[in-house]
Amino acid sequence: MSVSDLPDVQLEQAQKPALIVGVGAAVLLVAMAFVGADRDQFFRSYLFGYVFWLAFPLGSLALLMLHHLTGGGWGFVIRRLCEAGARTFALMAVLFLPLAVGISRLYPWTRAGWAAEAAKHAPFKATYLSQPFFFTRAVIYFVVWIGLGYLLSKWSMEEDQTGDPGMHNRMEALSAPGLILYGLTATFAVIDWVMSVDPDWMSTMYGLIFVVVHVFTAMAFLIFMASRFADHEPLAKVATPSRFHDLGTLLFAFTMLWAYLAFSQFLIIWAGNLKAEITWYVHRGLGEWSWVAGLLLLFHFFVPFFILLNRPIKRRKQLMAKVALVLIVVSALDVFWIVTPSFFPAPTIHLTDVLAVAAIGGLWLWAFAKQAQGRPLVPLHDPRMEEAVEHGA
Amino acid sequence: MSAEHSAPIIEPGQTFATVTDRISAIVLTQKTGRGWWLGFGIAFSLLMLFNLAITWLFAWGVGIWGINVPVGWGFAIINFVWWVGIGHAGTLISAILLLLRQKWRTSINRFAEAMTIFAVACAGTFPLLHMGRPWLFYWLTPYPNTMFTWPQFRSPLVWDVFAVSTYATVSLLFWFVGMIPDLATLRDRARNLIGQKFYGFLAMGWRGSAVHWHRYETASLLLAGLATPLVLSVHTVVSFDFAIGIIPGWHTTIFPPYFVAGAIYSGFAMVMTLSIPLRKYYKLEDFVTMRHLDNMAKVMLATGLIVAYGYMMETFSAFYSGDLYERFMVLNRWTGPYWPFYWSLIACNIVIPQVLWSRKARSNVSLLFVISLVVNTGMWLERFIIVVTSLHRDFLPSAWGMYWPTRWDIFTYVGTLGLFFTLFFLFIRFLPVIAISEMRGLVKEEAGGSK
Chain A
0 MSVSDLPDVQ LEQAQKPALI VGVGAAVLLV AMAFVGADRD QFFRSYLFGY VFWLAFPLGS
60 LALLMLHHLT GGGWGFVIRR LCEAGARTFA LMAVLFLPLA VGISRLYPWT RAGWAAEAAK
120 HAPFKATYLS QPFFFTRAVI YFVVWIGLGY LLSKWSMEED QTGDPGMHNR MEALSAPGLI
180 LYGLTATFAV IDWVMSVDPD WMSTMYGLIF VVVHVFTAMA FLIFMASRFA DHEPLAKVAT
240 PSRFHDLGTL LFAFTMLWAY LAFSQFLIIW AGNLKAEITW YVHRGLGEWS WVAGLLLLFH
300 FFVPFFILLN RPIKRRKQLM AKVALVLIVV SALDVFWIVT PSFFPAPTIH LTDVLAVAAI
360 GGLWLWAFAK QAQGRPLVPL HDPRMEEAVE HGA
Chain B
0 MSAEHSAPII EPGQTFATVT DRISAIVLTQ KTGRGWWLGF GIAFSLLMLF NLAITWLFAW
60 GVGIWGINVP VGWGFAIINF VWWVGIGHAG TLISAILLLL RQKWRTSINR FAEAMTIFAV
120 ACAGTFPLLH MGRPWLFYWL TPYPNTMFTW PQFRSPLVWD VFAVSTYATV SLLFWFVGMI
180 PDLATLRDRA RNLIGQKFYG FLAMGWRGSA VHWHRYETAS LLLAGLATPL VLSVHTVVSF
240 DFAIGIIPGW HTTIFPPYFV AGAIYSGFAM VMTLSIPLRK YYKLEDFVTM RHLDNMAKVM
300 LATGLIVAYG YMMETFSAFY SGDLYERFMV LNRWTGPYWP FYWSLIACNI VIPQVLWSRK
360 ARSNVSLLFV ISLVVNTGMW LERFIIVVTS LHRDFLPSAW GMYWPTRWDI FTYVGTLGLF
420 FTLFFLFIRF LPVIAISEMR GLVKEEAGGS K
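Quick note, the sequences are listed as chains A and B, same order. Heads up: the first sequence begins at 0 in numbering that gives the first Met the number 0, then just goes up one per residue. Heads up: the second sequence begins at 0 in numbering that gives the first Met the number 0, then just goes up one per residue.
Pulled out of the complex, with its shape left as it was, chain B reads as follows (with noise of 0.2 Å):
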């Protein structure tokens, strides 16, 4: 048997007792550490960064941006795409290995759907913002109006809409319903009144009865039975955004599984950048094991490989069908005028990872971490290319342009950054990154299992 099969999921010595302290410790009584300010500090200045850029783009408009014909989707679709995919692997983990019965997901599942949430909610911004007149965001919805209008239901941007927000709604039902016997145990070891309050709220009166786990399983596999089809559905949804429309480089059948399988790459790649900090800085490495980041590396080197699987059709079909704007668009992405872009995107998210197909470098968690920077710059490559090459140009010559980000659409981005790393550390400062109840049955099967 291979070495990282014989790796446990979680470490010899943890009991009940201590998987408890641990995690709570973190919350409930270790100091507010150094670090996490610094890091918090950061983060809560891009925010700050962001608010100014929006509050510029609500003044002036999305002139501001570096959008203009041909390129009418730039920074803020690009972002978008990014940030849903990388959501993605939250909600793999919790809910499809939750169905496939995988016990290594359960020291991370928390975290990951932590991520979810957080990077769903940046991606929800660049649509809205991306609007022109985002205090009209409800037109996007369809209600009975003195008009008589209705959103156009053919066009998969509305389709967008249904699929996001059930996504958002999903993902914190299922975020928040796992988290509640866990709220409860902080709840009983807060030890001032405001710790007891906000926790006891939280908790929802949760007693830890059998009927109240009776229910709380039900929920989940429920939960996890209806955010299953939503991860597929969401991406897919995305890719239709593209494939739908006749641009070359974006209308290929090919999409809706290249997409699914580059947001869990993604995903993965974000879940292993969180959590490698994480891991050390709190010392959590009984909990999230080697065996978890070797699984973790596994599932980028495989989703990975399909990611490759599309590219290569793609460049396959454009040769093979023989379309002169099909050709050229693989051409023009070759060698035209973003061709550093297009073969740095090939290096990150082709070339690079295949170190992974290593043991050694799998089991080496700073490379790893490198190379899950590497995979999360690849992805966000990867839209660049997908969105601007094939816009930038048109079917005639003389509508050919090129596209540029200003100053904005990076403060932009760069303010979702902040966005998702103020949330993140809050989180990680005020509610338990891993699933207490969860560890604890953990213990009691590792226990049972080396009888």
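Bound conformation, chain A alone (with noise of 0.2 Å):
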């Protein structure tokens, strides 16, 4: 194994490609919308890439507090990972700028007399989606989501540096209030920047579904990133082929969890069919967009659930790794599906939707890579540690 190959010499490498695509690719769509005539596409695609890469540190903030919580040899794998995922909030809260730029292109909510008329019907809703409550709220998330990435991956390099053991409870007492926060923030954070595109459009389970893309594309992610380091010492002590078969297992649960929810979500407003709920499946059900959907219940349910079944397949890293490859390029459709057909009642794909995915992820990528490195890959005084490397044999 050469010096090149070391995990942090890998991540440096990537760190320029991702900078120059992410920049590259901003510096188009930005052009686009100035030069071309179309803002309001360009807000469109923005939302959508912005939602989708929102995935990966929050789902990553969710599974290190959930690793922190219940324990596991598979988090350890991970965790380190993580924590990066959780360091690039600030990046985020910077990327939502363009969203606040746009919010009268976006939300039908912002048009003058919205408001008057809909304080005669649905006053709570009048004062809920009003431009300093909104702006109130994502403030409060962003301040949530920056703190607890930051607290996490300070104290857990505080325990590699001294070994003190005292880190690690608190790290697992912040992660219980923690992941509570972390439901609630998720949930109305995605209520306000992607529900209320449609107003009058409303759904109990939206959240939740919200919460299982975030786990779900962010173990995708993770598995990818830890099968390519996963020779490396400290981590190779740890990743062995039983954990990642937990972490294929667990990728396998969230598939599930995604399909229960999704398709209960739907039965219910199917079997029910009332106006003010039926028009966001009319939408994406019929039609054109059938078509996307139908794609969605093929690989984001039945060609997952069953590769995921196998355990010689989730036991070899490099298979897991492009399995989980797919699955994010499955997720994004996903989030696609979920956020565009509120703008367009056929399934169009504009430049600009590529371009928002590529310039937000590139700058994304660019600033987990540069998170990730300078630190072992593994934490090195956890007390449960060597529990997890002589069961991970």
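In case anyone wonders, no lab produced these hints; they're calculated from the structure. Cβ coordinates follow ideal geometry from the N, Cα and C atoms, glycine included. Any given hint might turn out to be false.
Residues from chain B that keep clear of chain A, each with C-beta distances beyond 12 Å, as calculated [unchecked claim]: (1) R206; (2) A209; (3) F239.
Restraint ranges, calculated between C-beta atoms of paired labels, are given here [as the list claims (entries may be wrong)]: (4) A:T126 - B:P150: 42 to 50 Å; (5) A:A99 - B:P276: 55 to 63 Å; (6) B:W149 - A:V281: 24 to 32 Å; (7) B:V369 - A:F343: 51 to 59 Å; (8) B:W59 - A:P344: 53 to 61 Å; (9) B:T314 - A:L96: 52 to 60 Å; (10) B:T405 - A:P344: 50 to 58 Å; (11) A:I19 - B:Q353: 24 to 32 Å; (12) B:L372 - A:F343: 34 to 42 Å; (13) B:R153 - A:W290: 25 to 33 Å; (14) A:V281 - B:T314: 23 to 31 Å; (15) A:A89 - B:K282: 56 to 64 Å; (16) B:P133 - A:P344: 21 to 29 Å; (17) B:N363 - A:V281: 17 to 25 Å.
Taking the hints as your guide, dock the two standalone chains into a single complex.
Okay, structure coming up:
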């Protein structure tokens, strides 16, 4: 194994191309928005790209806290990568700014007269979907996410340096309320940023579906990353085939959970067939978009279900890396299917959609690669590590 | 490392022999205690009350209950959902925790599974009794008949028939298959002929050979894999019973996961309610340790918070959607005629269980027992609120009404408690309450771990 294979070197080498792709796509995207006449489309594409990439850090944060609470050897394989992901929220806060600029182009509730009309039959919604309250909430979400990511990373590093077992208790103690905060902020963030694009539509399952989108996407990404570094010490000690098996089983569970929630929401709305609710599925399930829905059914459920049921596949990291990569693309399609039909009754893919994913993705991966460097890929003094290493063999 | 992590799942000093002796003694050698007779006597009396209540019901019909338009689903559905929910913890402990390789489940899975089967038996009686003509229950199943009539497959009530009966079958099989090695132990240790014949018959010729064990392990794993989706599907279908309709308070998409979480919540509460007196009376503290109680308390805390999330989303959506009826439904729960039930439910399910955040509370056995009873009550109230408050205020005020249970409703409900506890007392007396063979495995692993 040559020096150029070392995780830190690999990550450093990946930084530059990621940044080039990110900045290049961003410049093109902005140029298209200003040169071309369709400024609305810029924001629509941007919303899709942003919501998709937000799943990576949010899912990492959620999995990190889940591991602190429940333990389990699987967590040590991805913990440092989760922490790196959880340290990118400041970038996501900056990348939120274009949405703030485009708020009046994306959300019908910003139009003049909407609030007065809504106040007649839904006074709470009129207040909830007002710009000052919307921005206040956005600030709260980012403060929570940045704060949780910062504290969990900081204590984890101190644990490495000092070996103080108290750090582990601290992280565990923060993770319980942290997961509650994550659940609440993730739910209301997607209600604010995505669901309110259709201000007349509401589903109580919506937040949970996005929670699964977060953990599913992040788990696929983390499996992919971990597979690249799994041959290097100290990660090699914990990243055994059994651990990849565990991670694959978790990905399998999230696949099932996704199908369960998505199908339940559909069945209840389909059976109720109420005018206020069914429109959402009429846009997404009938006509041209039904092709996308069918693809999701096939590749977000049936195909991964049968692949991930296989023990030999889950134990081989190279194979799992490929599966994970496909599932990340499928997850992007899922987010696209949720976000975009609100704007277009027929499926259309714009060049800006691709550019937005590339721009935000490039920047996020650059930040992730930067954050993942310089720290050992497994925690050095976690009290539960020893047991994990023993059982991993 | 925190204290409860180091607390053992089996107390030190136990060997293969002591485990077998202690657990099989409850069935074989110990004298049946006065406490057992007292508990069994009370439970059996209540079972007789149940017989009285259903005899009266068959004679007079469902008119003896409090149900009437607009509230056509009273105690029968409330109790059905409550009992089915309780059952789920048993399957969760025995199947899902088995798949997750959680060793602490070993000592509580046997009686948790028994609880599942008895709870499902209680639950199953209610839809049958509610039919009015229970002798025609087979109309619920699709079978070729001269009238060419079929059940309405779009109705979740028909899905219930399939979901619950499959669940009951698989749970029973799982429980029985898991018990076979222990039944053989009892057969070998039984001192009288009746015992030898009885356990010998149930042990199905178990000899403990390597082939037997291999098949046993495979069967357990397969049944666990089958039972896991069934837990989710049963309570999901139960939630569809409500959510498929377009009644405010019922028709909301969060219902499936929120019902499943609520089921596990109430089920763990019931496991705690049963295990705390059981371990004390039969001195099983070495097997059902503080670690078990602590873990169960944590599961309750987590599932309780998911239930709270469900309440929050329901309330949020009522106001956010701006739907007149949805909003009225929530305000009616808060301030309408059933407000004491609603606020008691919030206190029992959301507020009081928050003390479980404290490690000290989780290590206080009496407090845990009280909280488990509180949660059981809260989950019953939740089903009462869902069923009654949504129905009693129809869309038009001219169709409004009130629902109060009659004495026959209460007798039937209390009667199923009698059925449940009668079965449970018989189980304690005649079958091994803790899986002996699995505990032996645990003794071995713990001994290996402490080298």
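Handout entry: Numbered hints the structure breaks, given as an ascending list
Key = Of the numbered hints given earlier, those the structure breaks are 3, 9, 11, 12, 16, 17, listed in rising order.
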